[in-house]
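Novice: Chains V and Y, in that order, are what the protein sequence lines are. Here the first sequence is numbered in my numbering, starting from 21 and rising by one per residue. Here the second sequence is numbered in my numbering, starting from 167 and rising by one per residue.
The set of hints was computed from the structure by calculation and includes no laboratory data. In this text, a Cβ means the ideal position worked out from N, Cα and C, and glycines have one as well. Treat the hints loosely; a few may be bogus.
Partial pick of chain Y residues on the chain V-facing surface, computed with a CB cut under 10 Å [stated by the list, open to error]: (1) Ala-242; (2) Val-246; (3) Gly-274; (4) Asp-275; (5) Asp-279; (6) Ile-295; (7) Asp-296; (8) Asp-297; (9) Glu-298; (10) Ser-299; (11) Ala-302; (12) Ala-304; (13) Gly-306; (14) Leu-308; (15) Pro-310; (16) Ala-347.
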Amino acid sequence: MNGYRRLSWLLILLVVVGALVGAVLAEDPPATEAERAYEIKETMLCPVCDGQNVLESNAPVAAAIRAQVDELVDEGRTDEEIRAWMARQYGDDVNANPPRSGLGALVWVLPVFVGVLASALLVLAFTRWRSGREIKPSEEDVQIVRTLREKS
Amino acid sequence: MKHRSLSSVRIVSAAAGIVLLSFVLVLATRDAGTGTLSKNPLIGELVPEVQGVSFQGEWFDIDDATSGWVLVNFFASWCVPCVQEHPELMEWNRRHRADGVVVSIPFGDTEQDARTFFAKNGGDWPVLIDDESEWAVAFGVLRPPESFLVAPGGTVVAKWQGQITADEVDRVVTELDERNAAP
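In isolation and in its complexed conformation, chain Y is listed as follows (with noise of 0.2 Å):
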């Protein structure tokens, strides 16, 4: 009798620890979410359709942009790292005023502070308002500020969770250079 109960505990010591194993081993591989380089099921698609009238009140169409590289950058003026990077998102404008162009648009956040934020950090490139936040849904965006970096073709090559520099995005922008370069 003492043997049978024995081996019952065994069996559902077994048991829960199986449970137990199983629960840590999917969240043990579960996407964090946080961090740099982040996974998004927009790498390697087209990227969603972008379109609509600026704050400086020209119109922009990211299909009309992709013959060079797009940084699309989702922020809002409340949030403290937006502010921090925003003067990295100027240097990368500056190098790349030739092939590529920075997109903002104001997640979480209402026009007139996202203009307020913009004449007092600076930065010339366009700025859209995602009304019905259909981009924002499109980007499966979570929290500002969140980067995607579009390659020449329209292509969305990477996705960056938080403040980036950037030199960060340079560094890819790089490595897919040099690989498209390679026989």
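Bound-form chain V, shown alone (with noise of 0.2 Å):
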């Protein structure tokens, strides 16, 4: 019975992962080039607003950045180039999407080291509950039991 349960564990938890890991790797890539653009510009921030992409904003410099993304993406730039190429022009924090690689990457790590952590945690927290609930009375228990019985 024990190993049944274990196993349906098993397989909830292979089940979420593999939704998650499906969910983060299953990008449909952009059907036109005009959806390509769209993308790009919605994970750009422009220079001077306070987190504001360059499609929300109104100011000159995110209008700038609209017309050149539109205008790479015709000529045939691939995102990896376009924002690196807006990157050195702007600084890394015009991509909305930290990096991948360096100290950026670990706002894709943190999240998920704390994730494990919380969880380690809380699987710990919930054996010492369960194994609390476990706990026999002690001979000095049993004996006060058995003595207010007698007297009753």
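Fit chain to chain and form the complex, with the hints in mind.
Specialist: This is the structure in structure tokens:
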């Protein structure tokens, strides 16, 4: 019975991890060049605004970046080339998605690390909680109860 | 037990302190991007390609102008500092008729408004329209006015964010002239 339960938990874990990995990896490529340009602009921050992407911002620099992204996409430049060019001109912060290498990779790694650590702590806490419920009464406790029963 | 919780509090406080200190250090060492002379990845690089037909109807290519000094100025007719610095550009242009040229590029502005601006405020140097914002991005312009000084030979030697004066630009020109003249 215990073996079945463990197997069920393992299966649930596999399904959850599989779904998460699938969701991360299964990025549908943009259907058209216009869609590709839109996606780049959506994840590119206006360098003089507070947290606004260049699609939403009315700042002249955002308009300039939008126009240049369209131009570079038309020229057949890859997303990576466009992002690298904009980062060179306006700094790494222009890309809303932090880089997957160097210090910026911490942004991707830390949440996973914290998630795993939190899960481990939860498992530890539940295990302690369960084992705490199974504490057997001491001889002294039994003696007290026995005495009380005899008196009643 | 009390001793253990006290040491935990100390560890957590120390960790929080380190994180806060790191934030302060990161924010304090970031380039604020304001002031007069600013950092820019273009400094020390060859000037990006700028060419087209000016408001005067003449073909202009920045490569043909780099035998002397070139002051590239991004401006907008709606920008108050741009209006205020315009006489300074005229003064610098007057001083350097023999060895330099100002090039103005409207940024975040319409061609019509830029033409009206020049008709009203004067200035006979080339004004070029950056249709696809290619030059603005190539120079990394954030907000007008921004000016770039290109030394003879075509290397960008200085960038100013905000309003400039002819004297400030000439201070850099003189400094570089003296450095180049030194044995």
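Novice: Next, verify each hint and record whether it holds.
Specialist: Evaluation of the provided hints:
1. The restraint placing Ala-242/Y at the interface with chain V holds, with a minimum CB-CB distance near 7 Å, inside the 10 Å limit.
2. Given the 10 Å rule on beta carbons, the hint for Val-246/Y is violated: about 15 Å separates it from the nearest Cβ of chain V.
3. The closest approach between the C-beta of Gly-274/Y and any C-beta of chain V is roughly 3 Å, which is under the 10 Å cut-off, so the hint is satisfied.
4. Against a cut-off of 10 Å between C-beta atoms, the interface hint on Asp-275/Y holds, since the closest Cβ of chain V lies about 8 Å away.
5. Hint status for Asp-279/Y relative to chain V: violated, with the closest Cβ pair at about 13 Å, above 10 Å.
6. Interface restraint check for Ile-295/Y: the shortest CB-CB distance to chain V comes to about 13 Å, outside 10 Å, so the restraint is violated.
7. Because the closest C-beta pair between Asp-296/Y and chain V is about 8 Å apart, less than 10 Å, the hint holds.
8. The interface hint given for Asp-297/Y is met, as the beta carbon of that residue sits about 8 Å from the closest beta carbon of chain V, less than 10 Å.
9. Here the hint on Glu-298/Y is kept, as its CB sits about 5 Å from the closest CB of chain V, short of 10 Å.
10. Evaluation of the Ser-299/Y hint against chain V yields a held restraint, the C-beta minimum of about 4 Å falling below 10 Å.
11. Interface hint at Ala-302/Y: satisfied, since its Cβ lies 4 Å from the closest Cβ of chain V, which is below the 10 Å cut-off.
12. Of the supplied interface hints, the one on Ala-304/Y holds, with its beta-carbon coming within about 7 Å of a beta-carbon of chain V, less than 10 Å.
13. A distance limit of 10 Å between C-beta atoms decides the matter here; for Gly-306/Y the minimum to chain V is near 4 Å, and the interface restraint holds.
14. Hint status for Leu-308/Y: holds, given a least beta-carbon distance of 5 Å to chain V, under 10 Å.
15. Interface restraint check for Pro-310/Y: the shortest CB-CB distance to chain V comes to about 7 Å, inside 10 Å, so the restraint holds.
16. Taking 10 Å as the C-beta contact cut-off toward chain V, the hint placing Ala-347/Y at the interface is violated, the least distance being around 33 Å.
Checked against the numbered hints above, the structure violates hints 2, 5, 6, 16; every other hint is satisfied.
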